[in-house]
Amino acid sequence: MAKYQEDVKALLEQIGGKANIQAVSHCMTRMRFVLVDPKKANEKAIEAIPSVKGTFTQAGQYQVIIGNDVANFYQEFTKYAGIEGVSKDAVKSAAKTNQNPLQRIMGALGEIFAPIIPALICGGLVLGFRNIIGEVDLLNGRTQSLADVSQFWAGMYSFLWLIGEAIFHFLPVGITWSITKKMGTTQILGIVLGLTLISPQLLNGFSVATTPASEIPVWDFGFAQVQMIGYQGQVVAAILAGFVLVYLEKFFKKICPEVISMVVVPFCALVPAVLIAHTVVGPIGWQIGDFIANIVNMGLNSNFKLLFAALFGLFYAPIVMTGLHHMTNAIDSQLVNTYDGTNLWPMIALSNIAQGSAVLAMSILQKRNERAQQVNIPACISCYLGVTEPALFGVNLKYGFPLVCGMIGSACAAMISIGTNVTAISIGVGGLPGILSIYPEYWLNFLLAMAVAIVVPFVLTFIVGSRKLSREDRVLESSPAVTETAAPTVVEAPTASSPIILKAICDGRTLPLSEVPDEVFSQGVMGEGMAFEPTGDTIYAPADAEVSVVMEDSRHACGLALADGTELLIHIGIDTVDMNGDGFTLFVHEGDKVRAGDKLITFSPDKIAAAGHPKTTVFIVTEPSGHENMTFNTGIDVQHGATVSAVLE
Numbered sequence: 013m014a015k016y017q018e019d020v021k022a023l024l025e026q027i028g029g030k031a032n033i034q035a036v037s038h039c040m041t042r043m044r045f046v047l048v049d050p051k052k053a054n055e056k057a058i059e060a061i062p063s064v065k066g067t068f069t070q071a072g073q074y075q076v077i078i079g080n081d082v083a084n085f086y087q088e089f090t091k092y093a094g095i096e097g098v099s100k101d102a103v104k105s106a107a108k109t110n111q112n113p114l115q116r117i118m119g120a121l122g123e124i125f126a127p128i129i130p131a132l133i134c135g136g137l138v139l140g141f142r143n144i145i146g147e148v149d150l151l152n153g154r155t156q157s158l159a160d161v162s163q164f165w166a167g168m169y170s171f172l173w174l175i176g177e178a179i180f181h182f183l184p185v186g187i188t189w190s191i192t193k194k195m196g197t198t199q200i201l202g203i204v205l206g207l208t209l210i211s212p213q214l215l216n217g218f219s220v221a222t223t224p225a226s227e228i229p230v231w232d233f234g235f236a237q238v239q240m241i242g243y244q245g246q247v248v249a250a251i252l253a254g255f256v257l258v259y260l261e262k263f264f265k266k267i268c269p270e271v272i273s274m275v276v277v278p279f280c281a282l283v284p285a286v287l288i289a290h291t292v293v294g295p296i297g298w299q300i301g302d303f304i305a306n307i308v309n310m311g312l313n314s315n316f317k318l319l320f321a322a323l324f325g326l327f328y329a330p331i332v333m334t335g336l337h338h339m340t341n342a343i344d345s346q347l348v349n350t351y352d353g354t355n356l357w358p359m360i361a362l363s364n365i366a367q368g369s370a371v372l373a374m375s376i377l378q379k380r381n382e383r384a385q386q387v388n389i390p391a392c393i394s395c396y397l398g399v400t401e402p403a404l405f406g407v408n409l410k411y412g413f414p415l416v417c418g419m420i421g422s423a424c425a426a427m428i429s430i431g432t433n434v435t436a437i438s439i440g441v442g443g444l445p446g447i448l449s450i451y452p453e454y455w456l457n458f459l460l461a462m463a464v465a466i467v468v469p470f471v472l473t474f475i476v477g478s479r480k481l482s483r484e485d486r487v488l489e490s491s492p493a494v495t496e497t498a499a500p501t502v503v504e505a506p507t508a509s510s511p512i513i514l515k516a517i518c519d520g521r522t523l524p525l526s527e528v529p530d531e532v533f534s535q536g537v538m539g540e541g542m543a544f545e546p547t548g549d550t551i552y553a554p555a556d557a558e559v560s561v562v563m564e565d566s567r568h569a570c571g572l573a574l575a576d577g578t579e580l581l582i583h584i585g586i587d588t589v590d591m592n593g594d595g596f597t598l599f600v601h602e603g604d605k606v607r608a609g610d611k612l613i614t615f616s617p618d619k620i621a622a623a624g625h626p627k628t629t630v631f632i633v634t635e636p637s638g639h640e641n642m643t644f645n646t647g648i649d650v651q652h653g654a655t656v657s658a659v660l661e
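Just so we're aligned, residue 13 is where the sequence shown starts under the numbering used here, counting upward by one.
Derived DEER-like restraints, expressed as beta-carbon distance ranges:
no. : residue 1 : residue 2 : range
1   : 303       : 594       : 34 to 40 Å
2   : 483       : 92        : 45 to 51 Å
3   : 216       : 647       : 45 to 51 Å
4   : 57        : 91        : 20 to 26 Å
5   : 605       : 288       : 58 to 64 Å
6   : 269       : 216       : 40 to 46 Å
7   : 611       : 54        : 41 to 47 Å
8   : 647       : 611       : 23 to 29 Å
9   : 92        : 266       : 34 to 40 Å
10  : 564       : 57        : 31 to 37 Å
11  : 59        : 221       : 55 to 61 Å
12  : 213       : 51        : 54 to 60 Å
13  : 307       : 232       : 32 to 38 Å
14  : 647       : 52        : 41 to 47 Å
Please keep in mind that the hints were generated in silico from the structure rather than gathered at the bench.
All residues carry an ideal CB built from backbone N, CA and C; glycine is no exception.
Based on the sequences and whatever the hints tell you, model everything.
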């Protein structure tokens, strides 16, 4: 009799039967379904199945969390249901059919901009610092800047523009590269296309408005002339050009014989793409980009701007939780390049601060709840530095009222920001350091808005929380922290009552599980644990164990079973299953015996970053096997095989 026979039968019935399954696959912990009609899935009944640890829907996929033994469950399920599983890419592709057009557009924009965002943030900080040293008159009676009185700072002011220009003027190169990467076509062709949009042979796009039409250079083909205009800083034009190249390359790959494909396809794809970019989609994209920027700018500067700001500030945090916030990156970039600044982005920074302030109030309210503090404090710091997911999913959404209080504070701060015309030089760090990206003449206004974003959510959350939080939520003692010097000795085959010492699985820094940007892990659905931010590229065994499961195709995760039945899960990166093993090397296989410190997996941090995924590595105790007290050493720097990362008692 199959191990999961009854659970498999129940899942198939409650998910709507075989006819309701469009596609199914699995990763290290979850079954991933694309359902014909998601409404037919009986969520409560599914979550009541003994093998199921939880469910959620993401990006059109209905995901059922099973745990380390998901591979065996999956095999039994597909055999019983009489269906064939498909690849994760096929499931991802099929899932898009369950998304409305807006969700698909937002998802595509998110995937395009994800690899570019670090550069945009860096550029924002560079321009902000450059503005401080060269544009703000701080000296000699506020008549001269640092660059005016110091040759060093004058040189630095000039030097920093090298980076600022590369990021913002040459942005089309990054966009066209990212599109080809996302679509799986030749990335170097995307880079070349981007370069043809900002070539020095062309009239700089920022000079077009001040150049008489008669002086704009042209390509003269005899029967027609094409203006030689660059698309520096243009977002929509670059996106359209990138997709033209992608579909031309896919078309010619499809019809071209393999033997001459290497020569014919790049030529037939790139040359027409460049021509179409400069004659059709470039000018159209320029107009669309300007239209979007003008509409948003009008909304932010109209008689209804305070209402617009209030609504944007109120709903931005929930928008982040849906993933639709990616659209703002494109709009901000277009505003920066059209109007030399954006007053949309300051409201985003203020929303992040507001949600962080709600968490700060929760931290004060739960100061005697040590376990909650392990979530609250890192989430608050992360939020104030511009990363809101740990706060949103780990704290505010969990309790509900902190999220609402943060939204109210964000709306109030947004109205002050727009009402006083606060403008950012560009996208920056979306939290307290965001002031560095604000034009100096608006610093006081932004500081006032920041004060409101801090005070209002904090006060509201504190007042509401004082009445709503139970004593159990506010007071909970946890086991004492573990120190390496007091760590018990590892034994070969511990009993259920013996403590187990687990060493660090990599070099780096440890994080609370709540900071993992994946709600299945951060909310402890899979079990208690911790996370590592690796500084190296190798994962090691934390103790003597048997390899219970590995993902042979994606190579990004493995499960370990200790001698007493305790089971561990190591998962490298977030959503790295989509990389299909690229950048990962397995050194173990299912059934192998490993000793503490043995090499398990190596990975490429660069490839993970290029794929747009965090390299945060999750370490979960999926089966505690009688260990009721588990202590995880978080917030410290660790070395693999030397530092104690966890003790199970």
